[in-house]
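For this one, chain A is given, so just place chain B on it according to the hints.
Number of protein chains: 2
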Amino acid sequence: MNEVLDKKIIGIDLGGTSAKFAILNQQGKIQEKWSIKTDTSNDGQLIVHDIIESIKQQLELSELSTEDFIGIGMGSPGTVNQANGTVTGAYNLNWKNPQPIRQQIELAFGLPFFIDNDANLAALGEQWLGAGNNEPDVVFVTLGTGVGGGLVSDKNVLRGAMDAAGEIGHLTIEINGYTCTCGKKGCLEQYTSATGIERMARDMADAFKNDSSLLKKKIENGKTIDTKMIFDLAKENDKLANKVVDRAAVYLGIALGNVANLLNPSTIVLGGGVSKAGQFLAEKVNKEMQHFLFPTIREYTKVRIAELGNDAGVIGAASLVLNELLKK
Amino acid sequence: MNEVLDKKIIGIDLGGTSAKFAILNQQGKIQEKWSIKTDTSNDGQLIVHDIIESIKQQLELSELSTEDFIGIGMGSPGTVNQANGTVTGAYNLNWKNPQPIRQQIELAFGLPFFIDNDANLAALGEQWLGAGNNEPDVVFVTLGTGVGGGLVSDKNVLRGAMDAAGEIGHLTIEINGYTCTCGKKGCLEQYTSATGIERMARDMADAFKNDSSLLKKKIENGKTIDTKMIFDLAKENDKLANKVVDRAAVYLGIALGNVANLLNPSTIVLGGGVSKAGQFLAEKVNKEMQHFLFPTIREYTKVRIAELGNDAGVIGAASLVLNELLKK
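Chain order of the listed sequences is A and B.
Take 1 as the starting number for the first sequence in this note's numbering and just add one per residue.
Take 1 as the starting number for the second sequence in this note's numbering and just add one per residue.
Isolated chain A (complex conformation) (with noise of 0.2 Å):
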């Protein structure tokens, strides 16, 4: 049980209403996992105390001690600065002054802790045991609320100067197009995320003039329209709901094909609760990305669907405590 390769690791997936935790091997398998609820309250400082109490709780559970694992990796919003092992800006969690997580942390347990944005450990973890096939170069976007991503290259994730990189929600994708929360116009967030899909949909219904979509005709009575809806009425030939989701399609042929030019990832995994329309939209996006990638990787860059759900970012500060551990 002490030899190093079998001992585990502890991944962490900290978010604004729960922080989820696991303990996997090292193939990043889970072998348990739960979670705890994320305390808010008094400018969020207990959140870290309720996580470092819940491991230590689980260890005694499963009688296993600090010695059974090489370390402890960690998912966070915000601005994670990698070096410091600090948070910022991670207003969900009412976090005000830089947190400092990994001291925190490695006092507790006296194991090599490693922590990342969650939207990169996610793309580290769809990378390696998701739709990514452990493939060296793969982008991750999570079409949800807004529009997100993280991008491998060469099994490394890439932060940027000001650990800012992965911005593909923020690509302008139209000159003079809506403006966008950022400030900016013509985001890809705007007609991608579930809000932009379902923003296009009512502006595009006012111009629709056929009355057999069933679409148009829930937004014109006020009904509450939603992604899954539009989505579920275009696989229907809904003649309105398919020129919405096509429009949406077209949009991400054109971010993601020219992510593909800059990057050339093998494979671009979509994400976050848009990509539950599934294979219908894969097959969309690649066929409309075609028209946007340079010759030389036409045939070779496949968008596909995220397979490890909420278990992404787990897996992926498992991936991250291995691929730390390596450079050292």
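In short, the hints are calculated from the structure, not lab data.
It should be emphasised that the depicted structure is a prediction, and the values quoted were computed from it without experimental measurement.
Worth double-checking, as some hints may not be accurate.
Given that identical chains are not distinguished, each listed pair holds provided it fits within a single copy or across any two copies.
Said to hold, decoys possible - In silico DSBU-like cross-links for lysine-lysine, where the CA-CA straight-line distance does not exceed 35 Å:
#1 Lys-185 with Lys-155
#2 Lys-209 with Lys-33
#3 Lys-96 with Lys-302
#4 Lys-328 with Lys-155
#5 Lys-56 with Lys-287
#6 Lys-185 with Lys-209
#7 Lys-327 with Lys-155
#8 Lys-287 with Lys-96
#9 Lys-217 with Lys-327
#10 Lys-7 with Lys-223
#11 Lys-37 with Lys-7
#12 Lys-328 with Lys-223
#13 Lys-37 with Lys-217
#14 Lys-29 with Lys-217
#15 Lys-96 with Lys-223
#16 Lys-235 with Lys-7
Relative to chain A, chain B alone:
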């Protein structure tokens, strides 16, 4: 002289017309440089032989032996397989089959040999000792007959799954724009390479209604125009020339803004013939790019003109040697 830190590096920058050589110290300072013509006859089979002989001669002349060096770095056109040290598809060298360059050069000198794509090495050179000021995250863009690029992230060159990363010239910036030599529509190269800028000038002259433009007169009188002339006239406030330059700057602003949103470099370096327009160009591109940058990075991302000229390749080759030896 035999202290490891005093040892030197040989840098080679192989091109279709000449091969440039330099002997550099480990700070990247060029101590000697020379060049030979590239002999592309006989399917280019004498090229590597000539390179080896030229280095041998120079070592004799300089009274140096292989023991005075830590390694040899080389930039080559074509697709470079880093792992194998081979080159394919270097059409301007007449190489029809993969060339085992590392093997040949290591056999001749018994020194560690590293090879990369020429654009990647120019990027590394500018990142290290040129306009990149040794910042870890720098993007290099050549605006020449075509538009190419090299991406340096955390001091590493990004290569991608097929060694095809960095195709900045083929980012789509106009969905239904000019058809590119690559077959795709609206590539950046069609608007911001030397040939692209000249073509825009001719196309825009037709629609331009102001007769005071000297550029318009030259075009209408069938005179040869070139990019230098267009920039010179723009600096003198020629109205059409300014419109052409501004349009190129907007397209560069969109493309480089998206590159920055994705990779978050601190500096984007413009090289190649078009970049000789200097600060006049850099200021316009910087200004346009602001509109397309995610707010977090807006104040932070700078466009600068390349500083190393023809030495970028051999300096980048030295940087490659140092980086790769450090990894071992």
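Hint check results:
In this assembly of identical chains, Lys-185 and Lys-155 lie within 35 Å of each other by CA distance both inside one copy and across copies; the values are 33 Å within and 32 Å between. For a Cα distance limit of 35 Å, the shortest separation of Lys-209 from Lys-33 qualifies neither inside one copy, at 51 Å, nor across copies, at 71 Å. Only between protomers do Lys-96 and Lys-302 lie at most 35 Å apart by alpha-carbon distance; the minimum there is 29 Å, versus 41 Å within a single protomer. Taking CA atoms no more than 35 Å apart as the test, Lys-328 paired with Lys-155 passes in both settings, with 16 Å inside one copy and 18 Å between copies.
Taking CA atoms no more than 35 Å apart as the test, Lys-56 paired with Lys-287 passes in neither setting, with 49 Å inside one copy and 54 Å between copies. For the homomeric pair Lys-185 and Lys-209, the shortest alpha-carbon distances inside one copy (28 Å) and between copies (31 Å) are both at most 35 Å. In this assembly of identical chains, the alpha carbons of Lys-327 and Lys-155 lie at most 35 Å apart whether taken from the same copy (12 Å) or from different copies (15 Å). Taking the shortest Cα distances, Lys-287 and Lys-96 sit within 35 Å of each other only across copies (33 Å), while inside one copy they are farther apart (44 Å).
For a Cα distance limit of 35 Å, the shortest separation of Lys-217 from Lys-327 qualifies neither inside one copy, at 58 Å, nor across copies, at 62 Å. Taking the closest pair of Cα atoms, Lys-7 and Lys-223 never come within 35 Å of each other, the shortest separation being 54 Å inside a single copy and 75 Å across copies. Taking the closest pair of Cα atoms, Lys-37 and Lys-7 come within 35 Å of each other only inside a single copy of the chain (28 Å); across copies the shortest separation is 58 Å, beyond that limit. Taking the shortest Cα distances, Lys-328 and Lys-223 never come within 35 Å of each other, neither inside one copy (57 Å) nor across copies (63 Å).
In the homo-oligomer, the alpha carbons of Lys-37 and Lys-217 never lie at most 35 Å apart, since the shortest distance is 40 Å inside one protomer and 72 Å across protomers. For the identical chains of this complex, Lys-29 and Lys-217 are neighbours neither inside a copy (47 Å) nor across copies (71 Å), given an alpha-carbon limit of 35 Å. In this assembly of identical chains, the alpha carbons of Lys-96 and Lys-223 never lie at most 35 Å apart, being 39 Å within a copy and 64 Å across copies at closest. When the C-alpha separation of Lys-235 and Lys-7 is checked against a cutoff of 35 Å, the pair qualifies neither within a copy, at 47 Å, nor between copies, at 66 Å.
The structure shown violates the earlier hints numbered 2, 5, 9, 10, 12, 13, 14, 15 and 16.
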